[in-house]
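Enquirer: In case you want the letters, here they are:
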Amino acid sequence: MIKQQFEIPAGYKKWTLGFLAVGILALVLGFFVLGIGKDEHAQTRFWAVLLQNSLFFLMICNSAMFFICATTLAMGSWITTFRRVPEAISSLVPILGILALIVFACIIFGDKYHIYPWLDKNAVATDRVLNYKKGFLNPVFFLVWTIFTLCTWSFVGWKMRQLSRETDERPLSENQARQFTWKNTIWGSVYIVFFALTVGSSIPWLWLMSIDAHWFSTMYSWYTFGSTFVSGIALMGLFVIYLKNQGYLEYTNDEHLHDIGKFIFAFSIFWTYLWFAQFMLIWYANIPEETIYFKARLQGSYRGIFWLNLIVNFVAPILILMTRGSKRNYTIMTFMCVLILLGHWLDFFQMVMPGTVGEHYNLGWYEWGILALFIGLVMHFVGKSLTKSPMVPKYHPFLKESIMHHT
Amino acid sequence: MDIRKFVVGCYDDEEVLFPAVKKVRKAGYKIHDVYTPYAVHGLDKALGLRETRIHTAGFIYGMVGLTTALSFISWILAIDWPLNIGGKPHFALPAWIPIMFELTVLFSAIGMTLTFCYLCQLAPFVKKHHFHPRATDDLFVMVIECTTKTNVQEAQNFLTGTGAKEVNVQLAETGWWLGTYDKDRKIFEVGKEAISA
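First to last, the protein sequences are chains A and B.
If you're matching positions, the first sequence starts at 1 in the numbering used here and goes up one per residue.
If you're matching positions, the second sequence starts at 1 in the numbering used here and goes up one per residue.
Worth flagging that the hints you see were computed from the coordinates, not collected in a lab.
The structure presented is a predicted model; accordingly, all values stated were derived computationally and were not measured.
Cβ coordinates follow ideal geometry from the N, Cα and C atoms, glycine included.
Please note: incorrect hints may appear among the correct ones.
Stated by the list, open to error - Anything over 12 Å on all C-beta distances counts as not near chain A; from chain B, calculated:
# : residue
1 : LYS22
2 : THR67
3 : LEU83
4 : ILE97
5 : GLY163
Claimed, not checked - Computed beta-carbon distance windows for the label pairs:
#  : chain 1 : residue 1 : chain 2 : residue 2 : range
6  : A       : PRO139    : B       : ILE60     : 53 to 61 Å
7  : A       : ASN253    : B       : HIS129    : 36 to 44 Å
8  : B       : PHE59     : A       : THR331    : 17 to 25 Å
9  : B       : ASP44     : A       : THR185    : 30 to 38 Å
10 : A       : ALA285    : B       : ILE76     : 18 to 26 Å
11 : A       : PHE155    : B       : TRP96     : 31 to 39 Å
12 : B       : ASP13     : A       : TYR284    : 54 to 62 Å
13 : B       : GLU14     : A       : ILE332    : 29 to 37 Å
14 : B       : GLU102    : A       : LEU308    : 23 to 31 Å
15 : A       : GLU289    : B       : LEU119    : 31 to 39 Å
16 : A       : SER201    : B       : ILE60     : 40 to 48 Å
17 : B       : ASP44     : A       : GLY135    : 57 to 65 Å
Looking at chain B on its own, in the form it has when it is part of the complex (with noise of 0.2 Å):
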């Protein structure tokens, strides 16, 4: 876990943060992330995100939740403990489909939830840091992550030339596992150390 320094800014209309965020990202620094009060459209394309592999996971934890459904329940009633039940056949698919949609379900909704607050370091009794708290209410914060070419007085400025309301600094905690973002931030780096506080 180590902390790394933010140039924060705030911006108050959804129409300035869409040339806002061209603008920073072609003046090369390197977007944290932004923090808005609900899904802004188009804004993870503005960004450059790319596009989330949570899909895949999904795919492979209802795959898992249908095999574990129809070899269970297969096992039971056809090898283990076979019972003849209104004369149907042992092995009786039809009347096992909803149970192995029920569980292809239950595994890929849980899985991914599981996944996604993996992936966004969430856990009970994991504090995040907090940007802005007017984030959840009417602020779209964004943030730059500062490396070691980042000016931090100019980045301050760059951002109030785009709009910001409010532009401070704030170190923070990257978090409690290093994901695959910090594989994006050798671009941007030049030595191999992270700045430190």
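Same shape as in the complex, but just chain A (with noise of 0.2 Å):
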């Protein structure tokens, strides 16, 4: 018997609880602990993590409905059978969405001037790249465009899962199929082109590139792009498993999680070739204020996770997900999208520790547990997220050719 409506397992209430009793604590130990210390080194280890892990976690959720909106634009029917799933991962950028406020809130009001160096008005007073910068590298600037570009993520995504919606109660006739498909037409060409200036040009620059100001790359933001995109889709990947090993989904099958699967090896090339273009120019090129960025990196203690983030996020998708039988099996399927979102978890990791903790960094207990704090909070308001509507667009008029895909 297929389920058309999800209820959240007893299993899954269980592992939610568990993730967020974990990172609840050790949120709750880090801020007595780091956070409010006399010990600076500890402070900005403290909220580096959370900045590390709530953009992160934003920023795969945010690349959730870019995979709607970009699948829409193409006219790929392929993803109706389990659009629920991606909307639902969408749906949580307004909530991540506050919590990332939130924490640069804490950050720019707070003066940890250890995270973003622009913060620190001396250094920008006499420091001639920040104050050439300080007209884009602002508080005020950097709080007005990001809370504008929350909302406008926020209201185009909601706008389009409630396109969705009206696909669920009764069928449309062809003129409103014509109409349905225009609306999205529209709606996810607006999302896109928002995208474009956000995720693609403006928002890495100033929340993750601005924590090494003296430093530019034009590659940086087209590289958290992908990123975020191919987690994004290994975490969409995750749950379609799991939504299929709980006997939901029925129409979703083995071609559709092939082209998933293809996906991810397709965007994991994609990302090593933006990281690779960023760092081979810079490397051939060999100019200091450019190379200091990957000095720290590949010089001093990340040296390990520098190349375990290659390791993870290049050489194996591209080993192990090459082949059609393994896109196809649930087992590598799952095996890889947990492999990729950590390792992509990693990559955000050496992103941020290095311009902010410096050498000294630490992988213990804060870090893991915050972790589980943002898996925690996925898991729970995408289940919730996951049980108001059905799982299948019943009358969505591109289900049909969704059912039929083949690759």
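Assemble the dimeric complex from its two separately framed chains, guided by the hints.
Expert: See the structure below:
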């Protein structure tokens, strides 16, 4: 018997609560041990880890909506049978957005200039580079643009989800179906254009690249996008596999899983391409103000993470997901999705940490605890969001095409 | 190159073709191939074709390309004629990765194309028999290969029964190279010798 309406299984609830409990414990303990201590290094660690996790999870949830909009514009019907999964994931954007905003507010109003050096007024006054960039890197612009971005992501995402809900109750006539597709196209393109202006360019500069405020790279935003998009697909893949195993998503089959696998494979290579394009040009040109970024990562204590990042996010997917059989195998796909999510979490770790806590980083109880907190949050809210609508948009104009999907 | 006899049935609808393929296979005829104007999704499964191994060949060609690029560049720049370029080490791997990548792609692309042509028995100046000129236009052409067991008249009637619009018998060469497909033929043979014209 295949179930239409998602009910959160007891095991899922137990795991969610477990992750949340561990996470909240780590957060509270971290706040008292690290956050309000005298040691500036510990304080920086406290905020940097929160920054890394909230941005990582916010951006991978946001990329689920990018996935929906991009396939909508390309008339990609194949996602229709499981589109409620990325929809549910994208519904986390406002929640994680508020969390990220709280972290930003604490960093900016708490003058945590170890995280964002451009917060230090003395440095901005005396440092030529920071002075040049102060029109862009200043608290007002940062907060205004961040709030505007989060609101637009949330609003357009909400609009796309509402449109999708229209196909639950009654069949659409041919004219209505045309209008429906047209409206989807309009809102999808609004989202894509705004996505290009934010994730495609300005947002990673502000949120992440400004940690190393002296340094710049034109590849950085795309590199961040590649990282979050491939993890977003992996997260979606995990939920699809889980729901399939629980007896939901009747029309989703190996063909759809195969295409999700192709996305993971392709965007792992895309990520590597951007990673390498950024690295190779800097390595080749050998200009001190550029190489400083990689000096900390390649020659310091981040060396292990730097290479592990490349192995987990490039070598593993390209070799393991190359064959057709492995992309259709539930076990291998589950393993790869978890591996890629962890790998890109580490990628974000090495984006944030060298510029904040520096050489003496930790990968200890606090880091893993906050990771557990965010996993718990994602599981809790995605599960809740999935229960709110039927698992399959029954009268979606593209549903039949999606059921017949064949790779 | 031996000449064999084929029974050819032409269909004008995909929805008729699929059940027809199923029926013909069930009746025990050997389908030589189905020629279609475009790639029909799922037809390979319906025909029971085994998965192609061309991607394995592609992987091997790619590895050959990668090895060629790496060994050639490193021999030139690190062993035979070391030059100081911008103070970089002689063995400057990151700078070579684009070239190694390009050669990997080039080798696997060209290798796979040539392998594909070889397997399909395509080459310049080789004339292939066309079972129906409209197979490239609007007809789905199913070709049954006759064996010693096949009753030609019965096969023709069977194809008409499955909805073929046009049925005929043709003689054709099997090709200039006998590939693995001939191994499958043995299942359908009674004697050892093939049917001659």
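Enquirer: Would you mind marking each hint as holding or not holding in the structure?
Expert: Cross-check of the supplied hints:
1. LYS22: For LYS22(B), whose nearest Cβ neighbour in chain A is about 17 Å away, the distance exceeds 12 Å, so it holds.
2. THR67: 16 Å, holds
3. LEU83: 15 Å, holds
4. ILE97: 7 Å, violated
5. GLY163: The claim holds: GLY163(B) sits with its nearest Cβ about 22 Å from chain A, beyond 12 Å.
6. PRO139(A) to ILE60(B): 53 to 61 Å: 57 Å Cβ-Cβ, so the 53 to 61 Å window holds.
7. ASN253(A) to HIS129(B): 36 to 44 Å: 39 Å, holds
8. PHE59(B) to THR331(A): 17 to 25 Å: Once the Cβ atoms are compared, 22 Å apart, the range 17 to 25 Å for THR331(A) and PHE59(B) holds.
9. ASP44(B) to THR185(A): 30 to 38 Å: 33 Å, holds
10. ALA285(A) to ILE76(B): 18 to 26 Å: 23 Å, holds
11. PHE155(A) to TRP96(B): 31 to 39 Å: At roughly 48 Å between Cβ atoms, TRP96(B) and PHE155(A) fall outside 31 to 39 Å, so the hint is violated.
12. ASP13(B) to TYR284(A): 54 to 62 Å: 59 Å, holds
13. GLU14(B) to ILE332(A): 29 to 37 Å: 33 Å, holds
14. GLU102(B) to LEU308(A): 23 to 31 Å: At 27 Å between Cβs, range holds.
15. GLU289(A) to LEU119(B): 31 to 39 Å: With Cβ atoms ~55 Å apart, the hint is violated.
16. SER201(A) to ILE60(B): 40 to 48 Å: For SER201(A) and ILE60(B) the Cβ distance comes to about 41 Å; the hint holds.
17. ASP44(B) to GLY135(A): 57 to 65 Å: This hint holds: roughly 60 Å between Cβ atoms.
Consistency note: the structure conflicts with the earlier hints numbered 4, 11, 15.
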